[in-house]
Amino acid sequence: MKSGAKRWLTIVIVLIAIVSAFSGHFNRYYLGIGIDIGINIILAVSLNLIMGHTGQFSLGHAGFMAVGSYTAASFTIACAKHAPESAAPFLLLGGLIIGGLMAAICGLAVGVPTLRLRGDYLAIVTLGFGEIIRVIFQNMEAVGAASGLTGIPNYTNFFWAWAAAAITIYVVTSLVNSTYGRGFIAVHDDEVAASAMGINPTRYKVTAFVVGAFFAGIAGGLYAHHKTVLAPTGFDFMKSFEIVVMVILGGMGRTVGVIIAAILLTVLPEMLRPVAEYRMIIYSLLIIIIMMARPQGLFTLKRSKGANA
Amino acid sequence: MTDLLQQLINGLALGAIYALLALGYTMVYGVLRFINFAHGDVFMLGAFAGYYLAGPVSKVIPAESYLGGIVVLALAMGICALLGVIIELIAYRPLRSRPRLTVLITAIGVSLFIEYTCQHEKVFGASPRKFPDLIPNTTWDIGGVVVGSAQVIVLVTTVLLLIGLTLIVQRTKIGTAMRAVSFNPQAAALMGVNVNHIISFTFGLGSALAAAGGILFAMNYSSIDPLMGVQTGLKAFVAAVLGGIGNLPGAALGGLLLGVIETFAGGMKGISNYRDAIAFGILILILMFRPSGLLGKQQTEKV
Amino acid sequence: MSTPLLQLDKVTIRFGGLMAVSTLDFQVQENDLVGLIGPNGAGKTTVFNLITGVYQPTEGTIQFAGSPTANRKPHQLTKVGIARTFQNIRLFASLSVFDNVRAAMQVHRSHGVRQALWRGKAYQAAEKEVNDRVMELLEIFKLGRLRDEDAKNLPYGDQRRLEIVRALATQPKLLLLDEPAAGMNPTEKAELAGLIRSIKERFKIAVLLVEHDMQLVMNLCERITVLDYGVKIAEGTPTEIKRHPKVIEAYLGEEQPA
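Top to bottom, those sequences are chains R, A and H.
Letter 18 of the first sequence, counting from 1, is numbered 18 in our numbering, and no numbers are missing.
With positions in the second sequence counted from 1, the corresponding number in our numbering is that position plus 1000.
With positions in the third sequence counted from 1, the corresponding number in our numbering is that position plus 2000.
Honestly, the hints are just simulated from the structure, not real lab data.
Possibly wrong hints are sitting among the right ones.
Straight-line distance between alpha carbons at most 25 Å, and here's what the computed BS3-like set of lysine-lysine pairs gives [as the list claims (entries may be wrong)]: (1) LYS6/R <-> LYS2142/H; (2) LYS2128/H <-> LYS6/R; (3) LYS2204/H <-> LYS2142/H.
A few chain R residues facing chain A, derived, Cβ under 7 Å [claimed, not checked]: (4) VAL112; (5) PRO113; (6) LEU115; (7) VAL135; (8) ASN154; (9) LEU285; (10) MET292.
To spell it out: a stretch of chain A is covered by chain R in this simulated footprint if at least three of its residues, at any positions, have a beta carbon under 8 Å from a beta carbon of chain R; those stretches are [as the list claims (entries may be wrong)]: (11) 1193-1202; (12) 1234-1246; (13) 1270-1279.
Here a beta-carbon is modelled for each residue, glycine too, at the ideal position from N, C-alpha and C.
All chains should be built: construct the whole structure from the sequences, respecting the hints.
Quick look at the structure:
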């Protein structure tokens, strides 16, 4: 019910623009991590809508990201040849939106047939969808097949990544905090009771998948124009799992926690660079320990509701 | 025709391995209702156990003999059974009363931990290794259909293990207890069944079968690496769902079916590249149209 | 005679070989207060699930407000005016008391994704209206001061009441209460009886009550239907039911009708 939400969004985006204007003075390495953080926030917050709020455990978020990134990259590569340098922001914006829409269509394609499934069945099916999407890109000659897509223009900057993150946060929180949006959580808590209260669980689940996938697609587009190369293996089960871990560490359904977790889990691997060979071992151990010690997430203080599958 | 028969033999050999793995998924799902993501890694560890045991065993029993092969297989199964029990004890038992999602994430964590630890250069290293020949490597040409000794061993061993498993589950006291726990853990506990023992036993049994699967897989494809269990494990899980999760004959059937379908698809032009996606395609279709699998019972939620 | 609000016509449902409800004829008139009783396992909750669209009858038809309910989903039936509570309380555990009711308010409101994102004037007004309405309902049931409490932290009696409030928030014409007195002590039961009566008067709706507590049903309901093994064995006023030989037989050794 924060009526000033729209104003806040505007203020934040202006602030991001100001910071971005000075980004030329920043260390390029840190700037890169900054952009990574923005992209990961989008991924985590959008998955939080599907998983944290609506309770649909999805292990296929990287698949939506892949669709968005390949679509957006193909679009800008095709258009960049014919457009002047100054058109870059518009090309990126166009690419992001087209990529997001493609991902949203895939979200619909995943959401509808998997409605009846829950818990680990849903997890394994979404994982399967992610894998299928990856295999398709691996075989698609037009996007470089297994060797990957290269020569993507480097359009993503600090402003785009963080503005998109701000919009994602705005959309997900506005949605969930509205009377309409309480339905997402109601479906999560008790589907039978929700439908007895006139809430259509099907619609909510599909909406969550479509909106979540849309933003994952946007994140993918930003990622493509940040890294400038794409490899299908970058969007495997591991990537999906990383996003899941962000949501769980942040505390399912807790937007602030999820954002902090996204930041932390982007920075942590960088900090572990000196012990790179043990990095993933430490990472997996941390997951096990946290699941045992604080399954409700690292940053949830008051409520202790765990994650019911 | 010979071509089809050849594909069928190859498919059955692959399917038998899926079946062995699928049994472990299905048994654990039966008693604990969660996907043991680390099961594919136990399969990998089984193969590596075989790799490291082959040398020492060959000092006692001549290498490339059937007896030697059996000894290696049995030892690896024993080691992995122990590993399975330990994994359950350390990682899953403390989470017994937690939401299933927590356990699932932990299982993925355990799986990643095993994979990354094994990839470390001081453990196995990430690069693939050649698996030694455990049994005499002969091939028979039956009217154009080529059958290797490894394939025969895969099929024979799988059949024997399936019979053994059926006997354990159906005829022994502990098997009856297993079925009781999988039917209703609380009631089983009230009837004096030690649920913890049964769960440990289930993990041990499943892991032993996974180890057998790992060695048979390695014998057939002769190359092993720390990530060999990832895809195979996922597909074996699909096989378990295909057959109806929690259902032992279903898991075996699902495994064989999946192996055959994949092999045939792999032989077809145009589809062969998508081989790895087929299992998931089947999974999605199954869950959409018959969520309880081929042999599973339909269940409805009580309101 | 006008069409009844709810009419079950020879409704049968089988689960496998089990006939849970068998050729049941049953009616609820507008502004009625009807009781549905029967021993354990008589099929009372199954009747609720049939009426609310959770199950589809194997045979027979159900009509609500003159139109058949066949093949309609629970949420669609809620929209046309059927609301329910659950035998084992099913609140939205992680939502606050306020939001439990708020979630149920959206049935008759059309603002969805677009409005929630744009947050225009109409949206603000609609959200305010929802807020006021939720608070009004909570106040009627003396739950106003608990508005920010998590539903799962409420005491048992309050949870039961909140479930009723939540159901009322969908603006039903027919309210189904599934054993609302379960687990209550005599004082709470007496309060509940008063509450149900006042709901009926205040909201001008029909109430169908499934209950184990005979005394409560006998005191409250104008008409009672008795089920046993899925079959209707008696129907009538409380006095008639009390004397009905089949009813006494069905309850013998189970529990005595009070």
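Closer than 7 Å between Cβ atoms is the bar; does VAL135/R clear it against chain A? Give me holds or violated.
Because about 4 Å separates VAL135/R from the closest Cβ in chain A, which is inside the 7 Å limit, the hint holds.
Need the status of pair LYS2204/H, LYS2142/H: alpha-carbon distance at most 25 Å?
holds, 20 Å
Does the nearest C-beta of chain A fall within a distance shorter than 7 Å of the C-beta of LEU285/R?
With Cβ-Cβ at 6 Å, under 7 Å, it holds.
Quick one: see if chain R covers the stretch 1193-1202 of chain A, three-plus residues with Cβ-Cβ under 8 Å.
violated (count 0)
Would you check whether PRO113/R satisfies its interface hint, that is, whether its CB is within less than 7 Å of any CB in chain A?
Given a least distance of 5 Å, the restraint on PRO113/R holds.
Stated coverage of the stretch 1234-1246 of chain A by chain R [criterion: 3+ residues, CB within 8 Å]:
As far as the stretch 1234-1246 of chain A goes, the hint holds, because 4 residues have Cβ atoms under 8 Å from chain R.
Coverage claim, chain R over the stretch 1270-1279 of chain A, checked by counting residues with Cβ within 8 Å (three needed)
That given contact holds, which follows from 5 residues of the stretch 1270-1279 of chain A lying within Cβ reach (below 8 Å) of chain R.
Can you verify the interface hint for ASN154/R: is its Cβ closer than 7 Å to any Cβ in chain A?
Violated - the Cβ of ASN154/R stays beyond 7 Å from chain A, reaching only about 31 Å at its closest.
Is LYS2128/H close enough to LYS6/R, meaning Cα to Cα at most 25 Å?
Judged against 25 Å, a Cα distance of about 17 Å means the pair holds.
Are LEU115/R and chain A close enough, Cβ to Cβ, to be under 7 Å, as the hint says?
violated, 10 Å
Minimum beta-carbon distance criterion (7 Å), VAL112/R to chain A
Cβ of VAL112/R sits 10 Å from chain A, so the hint is violated.
Could you grab the alpha-carbon distance between LYS6/R and LYS2142/H and see if it respects the 25 Å cut-off?
The given pair, whose Cα atoms are some 35 Å apart, is violated under the 25 Å limit.
Violated hints, listed in ascending order, are 1, 4, 6, 8 and 11; each of the other numbered hints is respected by the structure.
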